[in-house]
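Q: Protein chains in written order, with the UniProt record's numbering: chain L, 1 to 455; chain Z, 1 to 455.
None of these hints come from the bench; they were simulated from the model.
One thing to keep in mind: the hints can contain errors.
If chains are identical, the list can't say which one is meant, so a pair holds when it fits in one copy or spans any two.
[As the list claims (entries may be wrong)] Below are the DSBU-like pairs computed for lysine-lysine, each with C-alpha atoms no more than 30 Å apart in a straight line: (1) Lys102 <-> Lys40; (2) Lys267 <-> Lys314; (3) Lys364 <-> Lys28; (4) Lys327 <-> Lys306; (5) Lys356 <-> Lys327; (6) Lys102 <-> Lys364; (7) Lys19 <-> Lys47; (8) Lys47 <-> Lys107; (9) Lys2 <-> Lys105; (10) Lys267 <-> Lys364; (11) Lys18 <-> Lys327; (12) Lys412 <-> Lys441; (13) Lys327 <-> Lys267; (14) Lys438 <-> Lys105; (15) Lys58 <-> Lys40; (16) Lys438 <-> Lys412; (17) Lys356 <-> Lys105.
There are 2 protein chains.
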Amino acid sequence: MKVAKFGGSSVSNAEQIKKVLDIVNADKDRKIIIVSAPGKRHKEDVKTTDLLLRLYEKVLAGIDYTAKKQEIIQRYADIINDLEMSDDLLEQIDDTLESFIKQLKDKPERLQDALLSCGENFNAQLIATYNNSRGIPTRYISPGDAGITVTDLPQNAQVLDQSYEALYKLRDYDEKLIIPGYFGMSRQNYVVTFPRGGSDITGAIVSRGVRADLYENFTDVSGIFRANPTIVPNPLSIDEITYREMRELSYAGFGVFHDEALQPLYKDRIPVVIKNTNRPNDTGTFIRHDREINSNNVVSGISCDKGFTVLSIKKYLMNRQVGFTRKVLGILEDYNISFDHMPSGIDNISIIMRSKEIENVEQKVLNDIRQRCDVDELSVEHDLAILMIVGEGMHRIIGTANMITHALAESKINLRMMNQGASEISMMFGIDVDDADKAVKATYEYCYNGEALQI
Amino acid sequence: MKVAKFGGSSVSNAEQIKKVLDIVNADKDRKIIIVSAPGKRHKEDVKTTDLLLRLYEKVLAGIDYTAKKQEIIQRYADIINDLEMSDDLLEQIDDTLESFIKQLKDKPERLQDALLSCGENFNAQLIATYNNSRGIPTRYISPGDAGITVTDLPQNAQVLDQSYEALYKLRDYDEKLIIPGYFGMSRQNYVVTFPRGGSDITGAIVSRGVRADLYENFTDVSGIFRANPTIVPNPLSIDEITYREMRELSYAGFGVFHDEALQPLYKDRIPVVIKNTNRPNDTGTFIRHDREINSNNVVSGISCDKGFTVLSIKKYLMNRQVGFTRKVLGILEDYNISFDHMPSGIDNISIIMRSKEIENVEQKVLNDIRQRCDVDELSVEHDLAILMIVGEGMHRIIGTANMITHALAESKINLRMMNQGASEISMMFGIDVDDADKAVKATYEYCYNGEALQI
Chain L
1 MKVAKFGGSS VSNAEQIKKV LDIVNADKDR KIIIVSAPGK RHKEDVKTTD
51 LLLRLYEKVL AGIDYTAKKQ EIIQRYADII NDLEMSDDLL EQIDDTLESF
101 IKQLKDKPER LQDALLSCGE NFNAQLIATY NNSRGIPTRY ISPGDAGITV
151 TDLPQNAQVL DQSYEALYKL RDYDEKLIIP GYFGMSRQNY VVTFPRGGSD
201 ITGAIVSRGV RADLYENFTD VSGIFRANPT IVPNPLSIDE ITYREMRELS
251 YAGFGVFHDE ALQPLYKDRI PVVIKNTNRP NDTGTFIRHD REINSNNVVS
301 GISCDKGFTV LSIKKYLMNR QVGFTRKVLG ILEDYNISFD HMPSGIDNIS
351 IIMRSKEIEN VEQKVLNDIR QRCDVDELSV EHDLAILMIV GEGMHRIIGT
401 ANMITHALAE SKINLRMMNQ GASEISMMFG IDVDDADKAV KATYEYCYNG
451 EALQI
Chain Z
1 MKVAKFGGSS VSNAEQIKKV LDIVNADKDR KIIIVSAPGK RHKEDVKTTD
51 LLLRLYEKVL AGIDYTAKKQ EIIQRYADII NDLEMSDDLL EQIDDTLESF
101 IKQLKDKPER LQDALLSCGE NFNAQLIATY NNSRGIPTRY ISPGDAGITV
151 TDLPQNAQVL DQSYEALYKL RDYDEKLIIP GYFGMSRQNY VVTFPRGGSD
201 ITGAIVSRGV RADLYENFTD VSGIFRANPT IVPNPLSIDE ITYREMRELS
251 YAGFGVFHDE ALQPLYKDRI PVVIKNTNRP NDTGTFIRHD REINSNNVVS
301 GISCDKGFTV LSIKKYLMNR QVGFTRKVLG ILEDYNISFD HMPSGIDNIS
351 IIMRSKEIEN VEQKVLNDIR QRCDVDELSV EHDLAILMIV GEGMHRIIGT
401 ANMITHALAE SKINLRMMNQ GASEISMMFG IDVDDADKAV KATYEYCYNG
451 EALQI
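The whole structure should be built from the sequences, with the hints applied where relevant.
A: The structure is reproduced here in structure tokens:
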């Protein structure tokens with residue numbers, strides 16, 4: 001059994017939806033389909049989810065929202081018209097939006113989740129109805145009915161383990177099933193959304209629940225590139241990548257597959273393939289637990305992400321003071337700050353985190369560290385970029401670090417930090433944000449077009 | 001005012017002691033002299049401190065120790081004879097040893113410290129007496145009388161701050177003062193020794209206490225080499241190095257100057273010079289707070305130390321779990337384990353420590369981590385060597401990392417770990433212990449004889 005998930009651009013209009021259903025109906029193993037909200041139809045278009053967000057903002061501000069609501073209904077009306085379907089659904093859409101607004105206007109965070117979930121939810125209903133009308137037995141199933149039970153924190157749902165057992169029962173249906181992505185139901189019976197881009201997460205959870213043989217993630221690209229194509233022209237694409245590599249790359253800026261979606265798959269080793277709705281016969285990129293490593297694919301990909309802050313602490317004889325680092329990390333924990341890297345020496349540590357983790361409490365954190373940790377020097381730098389070179393087995397190849405640092409030195413890029421762990425599949429380089437694109441280009445050239453393969 | 005400390009080989013026999021006193025008496029600013037116990041007189045000789053340790057072991061085992069005691073007394077008898085001094089001191093030495101053995105035989109740790117302190121203590125008395133006999137007003141002062149008050153943990157004395165005020169009064173003496181190194185007195189009135197090599201520490205504490213203009217540390221080499229001369233033939237020597245560089249290098253294996261001795265000096269910025277008793281006119285190596293950096297001295301030195309253990313922990317989505325690393329470090333703290341480096345990524349950390357920190361409790365630590373931290377994978381590797389490339393400002397020079405990794409790659413040395421922090425003066429490379437010497441040779445060549453200077 002396969003679970004197939006289709007992203008926003010794949011279900012943005014009637015023509016795309018027909019393509020999707022051609023793909024779905026062409027393979028009897030494609031039993032469960034996760035759909036996103038209608039995405040952009042052209043470059044200047046607005047995603048349905050963003051229209052819903054604007055509707056929410058108007059409701060919250062207490063101003064007239066009718067026009068905004070109509071705009072949303074019109075998105076679905078266009079699709080329904082083009083698919084020559086009955087417009088019964090439109091009335092239902094209007095009713096649902098009004099009913100959420102009425103019930104939840106005093107609970108803004110709940111209202112936001114409920115309204116945002118509508119983009120996927122209406123689309124799933126629409127697509128199920130249409131596929132049925134084409135003579136293929138198809139059933140819409142809401143996340144609640146499917147059994148996707150999540151934690152109750154708005155905009156940040158985490159799946160609860162009980163979901164997996166419930167989802168397994170989806171195997172009993174004979175029809176094809178269409179499930180909206182991006183949200184689940186809490187035990188308190190609220191709609192709660194996953195972080196944005198969360199349809200990938202729904203697909204992963206469902207894939208694990210039904211023990212799918214393959215999770216097909218359909219997007220608008222024929223797989224994952226080895227580097228960002230807006231920086232490197234025509235980059236190579238990746239045939240095969242491991243979960244751990246994918247996680248490092250998506251964490252560091254690869255937008256194709258939501259990194260949180262890997263967790264459920266990782267546990268049961270369910271393979272994923274990233275495919276192109278518009279070119280379904282292209283092989284795509286497989287994400288698996290293991291991959292074969294040869295001299296041509298040591299480095300899987302190169303990513304560079306911006307917006308990092310680094311806290312640097314110096315303390316003479318730091319390594320002698322058992323518990324010092326723990327105390328510093330305890331302060332970060334007090335402010336619920338998660339960090340990403342921590343290069344350290346005998347007398348200093350640097351803690352690297354996304355700037356958004358700390359920006360609102362930076363002064364408080366610094367004061368606490370000064371007061372509680374008796375440091376010699378404490379400094380903060382913003383605007384750091386993190387270059388990640390990712391590849392399984394890379395650390396076993398003599399000269400990988402040399403290859404990368406050589407490429408960076410030749411491009412006159414200063415390495416402000418470096419971090420490579422014992423069993424790592426990645427090397428991290430901290431660089432100035434202004435060097436970010438140059439660093440990606442230089443290391444890409446060196447890894448894939450240069451001397452790298454000879455080492 | 002200068003404080004001069006003379007190491008064991010500088011005071012190992014009559015001839016050396018004469019050299020020392022020629023140096024001391026040649027400069028009226030050399031007011032306070034710290035002496036070690038008599039060291040080896042030739043390669044196969046045994047240091048007095050080791051003779052004392054053997055005496056202690058015999059006493060502890062309850063077997064006849066007379067011969068061992070006589071051997072110790074003979075060391076001083078040889079010196080006294082050669083200096084043509086009265087042998088009154090020998091009786092006093094015998095009495096002191098017997099009295100410690102009698103008083104402390106039921107407190108083995110106290111006995112050990114008391115006996116070990118005798119090597120320095122007898123030598124200081126001998127040297128003071130002899131210099132007086134040459135007509136130079138000289139006074140022996142015990143650490144207790146000098147005011148060196150320390151914590152009460154045997155073999156691991158830490159100076160207490162009150163010492164500094166007491167030591168300042170040494171400035172009032174007109175005579176030259178001879179103080180034995182290596183031990184202080186606890187408030188509980190026990191002799192407590194510093195870690196071995198601790199005469200450097202005594203010198204540093206006294207230098208700070210008397211606000212010395214310079215701390216001269218006399219040894220048997222004309223300064224500090226840029227790399228271990230038993231590995232690199234005829235290495236360059238260092239003219240000037242900072243406290244922080246020295247600390248990194250001595251921590252990583254440079255034996256010339258005890259790293260703990262830097263702390264008191266660092267606080268008051270008292271410069272140190274490492275000089276050669278046998279070639280007192282050689283300039284030596286200055287250790288200061290700052291140094292001038294030019295393209296020829298970016299890298300101060302290269303060191304490689306063996307005997308490290310690395311704990312590697314993998315946990316999927318580790319960086320999301322606020323507090324995870326703190327929890328792991330809390331376990332190390334429970335076992336009083338200090339660690340030296342911690343390269344980390346978004347899903348893993350490697351904690352590098354000296355093997356002796358963990359070897360007795362390794363299984364317990366691993367079990368605790370497994371039980372309390374819900375890790376995906378936990379592994380331990382022993383026999384890691386740590387290569388440290390140390391230099392102030394190194395991180396500002398584009399290409400330093402490249403230079404080093406290139407040298408290592410050319411020598412086919414695999415980098416198992418790498419760590420360079422935001423404001424670091426060092427780069428750390430984790431390598432196999434078998435590659436240690438090769439790595440020092442290769443990086444030395446590259447940094448000092450190779451293309452490095454052109455970058």
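Q: Now tell me if each hint is right for this structure.
A: Evaluation of the provided hints:
Proximity of Lys102 to Lys40 under the C-alpha cut-off of 30 Å is restricted to the intra-copy arrangement: shortest distance 29 Å within a copy versus 92 Å between copies. Proximity of Lys267 to Lys314 under the C-alpha cut-off of 30 Å is restricted to the inter-copy arrangement: shortest distance 14 Å between copies versus 39 Å within a copy. Proximity of Lys364 and Lys28 under a CA criterion of 30 Å is satisfied in neither setting, with 58 Å inside one chain copy and 53 Å between copies. When the C-alpha separation of Lys327 and Lys306 is checked against a cutoff of 30 Å, the pair qualifies both within a copy, at 28 Å, and between copies, at 29 Å.
For the identical chains of this complex, Lys356 and Lys327 are neighbours both inside a copy (22 Å) and across copies (24 Å), given an alpha-carbon limit of 30 Å. In this assembly of identical chains, Lys102 and Lys364 lie within 30 Å of each other by CA distance neither inside one copy nor across copies; the values are 40 Å within and 58 Å between. For the identical chains of this complex, Lys19 and Lys47 are intra-copy neighbours only, at 19 Å inside a copy versus 87 Å across copies, given an alpha-carbon limit of 30 Å. Taking the shortest Cα distances, Lys47 and Lys107 sit within 30 Å of each other inside one copy (24 Å), while across copies they are farther apart (80 Å).
For the homomeric pair Lys2 and Lys105, neither the shortest alpha-carbon distance inside one copy (39 Å) nor that between copies (79 Å) is at most 30 Å. Taking the shortest Cα distances, Lys267 and Lys364 sit within 30 Å of each other only across copies (27 Å), while inside one copy they are farther apart (38 Å). In this homomeric assembly, Lys18 and Lys327 never come within 30 Å of each other (Cα to Cα): the closest approach is 58 Å inside a single copy and 52 Å across copies. In this homomeric assembly, Lys412 and Lys441 come within 30 Å of each other (Cα to Cα) both inside a single copy, at 13 Å, and across copies, at 27 Å.
Proximity of Lys327 and Lys267 under a CA criterion of 30 Å is satisfied inter-copy only: 23 Å between copies versus 32 Å inside one chain copy. For the identical chains of this complex, Lys438 and Lys105 are neighbours neither inside a copy (48 Å) nor across copies (71 Å), given an alpha-carbon limit of 30 Å. In this assembly of identical chains, Lys58 and Lys40 lie within 30 Å of each other by CA distance solely inside one copy; the values are 22 Å within and 87 Å between copies. Taking identical chains as interchangeable, the C-alpha atoms of Lys438 and Lys412 lie at most 30 Å apart whether they share a chain (9 Å) or sit on different chains (29 Å).
When the C-alpha separation of Lys356 and Lys105 is checked against a cutoff of 30 Å, the pair qualifies only within one copy, where the shortest distance is 29 Å, while the shortest distance between copies is 63 Å.
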